[in-house]
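J.: Next come the chains, spelled out residue by residue.
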Amino acid sequence: MQTLAEDDDLIRASQRGDMASLEILLDRHHDRLRAVCAKVVGSGADADDAAQMALIAIVKNLDTFDGRARFTTWSYRIATNAAIDELRRRNRRVATSIDDDETHLQVAALGNLENAASARLDVHRALDHLAEEFRAPVVLRDLCGLDYDEIAEVLELPPGTVRSRIARGRGKLADLIGPVTDGGNQPDTRGVQGHDDEY
Amino acid sequence: MAGTSPILAAYKDTTMSTERFDDEILSAIIDGEADQELVASVAADSVASARLEQLRAAVAAVQAPIPDATPKRRAASIAAAMAAATPAPEVSSLAAARHTRTEQTKHRRLNPQWIAVAAAAILLVVAIPLLVRSAGSDSADFAASTDDSTSFSAGDAGTDDAADSSEDAVDSADTAANDAEAAEAESGDAVTNDGATEESAPVAAEEPADSDEAADDAAVNTFRRADAQVVNSVEVLEDLISLGSIVPELTAEQVLAEGVTPECVDQLEIDAGATFALAFLDPFGGGPRLVLIGFNADGTTTTLDAEDCSPLG
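Sequences listed follow chains A and B, in order. Residue numbering for the first sequence is 1 to 199, as defined by our numbering. Residue numbering for the second sequence is 1001 to 1313, as defined by our numbering.
So that you can see chain A by itself, here it is in the shape it has in the complex (with noise of 0.2 Å):
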């Protein structure tokens, strides 16, 4: 493919300290990488962040970077672990903001994961109340379309691992959605609970 070729030639001069096709480089992947971020940390301010921790670490690591795999595989397992780090920040700041009214309610949404029936979302932040577990391979793979394969080494797992989880996150999702109506695809979104402003 043109694009690969091209993005090996980029990655190999910026190994070689070209700062501008370095900048090609991460001009090109920012959207890919902070979608995949978007999806696992759920909002747009801490996206930005993890994206941005990933291109950082992107530069950090381009010299480690060997070929072996694609560059899309690698950058992905940087944009999760940096999302998922992302997602521990926030979790922890969550867990010591007491006085936050909202903040109870998504602890309690969260604490309720098991009753999922009771627990319609918007499909937007369907994804926020889904454990990190089962998240990072869920958008891995209908995100960003990897194999089990694929998967299992960005997230260090066994494909079998990997399999079972995309497989229960998907279970998850859906119930934290609701039904579908009509026999459709689209979920019933009637009566969804504190939509995200961001998204």
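Derived by calculation from the structure, the hints in this document are not laboratory data. For clarity, every value in this text was computed on a predicted model and none was experimentally measured. Built from N, CA and C at the ideal position, the CB exists for glycine as well. Among the hints, erroneous ones may be present.
As the list claims (entries may be wrong) - Stretch-level coverage of chain B by chain A, calculated; a stretch enters the list once three of its residues show a Cβ under 8 Å from a Cβ in chain A: (1) 1035-1046; (2) 1071-1080; (3) 1260-1267.
Given chain A, work out where chain B should sit, using these hints.
T.: Just chain B now, kept in the frame of chain A:
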């Protein structure tokens, strides 16, 4: 039907369905990994088919497009990454920090607050000894009183070894005085004096080669003894900047390029375009750590441990 919502009923139905076709099987169908016989079996099962549609809806939700980053934020992210690719200023080096400070001092406009700090330092170095000598006090008493009254050493003054603290205080004050004189000379604004400057000036002139080292030593002593409460004052920040242990006037991008997380920057909640300072301080005696200082609009400062964003002081 009382007490059982349609949603819950559907959920229970789905749970029952998983006895035959669990989510893993249905998920495999979505991923095209199931054989035709299995697909046909699921299609013939109304509950399984409904669940399959639910799972497909979940996939669609994940695939739903999201708004792009704003052009400004997008550019900032790329710029921060590009900055990380270039050699960053060595803020961990006191010598480098001091050089940075010197360059900035050359361009710094006359600041009344800075003059006040410098004047106070000169007062400590020159006037108080004269008073002490005239009162017949010994040098230890002088050092103790200086330590108590010097803001940047006040943090641990009560816990440090008295002799060490006294020496440190004198070193710090000496350096502050030298720096103050340098700043005044650069600004071309002579301090009205009564001979005190004339008395201290030869000291600086006699030991120009040692002044940098002395300043670094003083800076080390100062930041090792400065606690978080002390750092949270503009006056002490000025002192620490003058000693080179703080690199001031950094932009958000420069701070991020130094490895400070965006969360830390966000946590300071200061206005966009405001400046930050990075410092290596030892607020609790556990070893120097990188500290991020934000300058608030109301003139106060907020200090965070740059490693974990925890507030200091």
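J.: Confirm or reject each hint.
T.: Okay, the hints, checked on the actual structure:
Chain A is given as covering the region 1035-1046 of chain B, and this is violated because 0 residues of the stretch bring a CB closer than 8 Å to a CB of that chain, at least three being needed. Beta-carbon proximity to chain A at under 8 Å applies to 6 residues in the region 1071-1080 of chain B; the threshold of 3 is reached and the given coverage holds. With 4 residues having a Cβ less than 8 Å from any Cβ of chain A, the region 1260-1267 of chain B passes the three-residue criterion, so the hint holds.
In this structure, only the earlier hint numbered 1 is contradicted, and the remaining ones agree with it.
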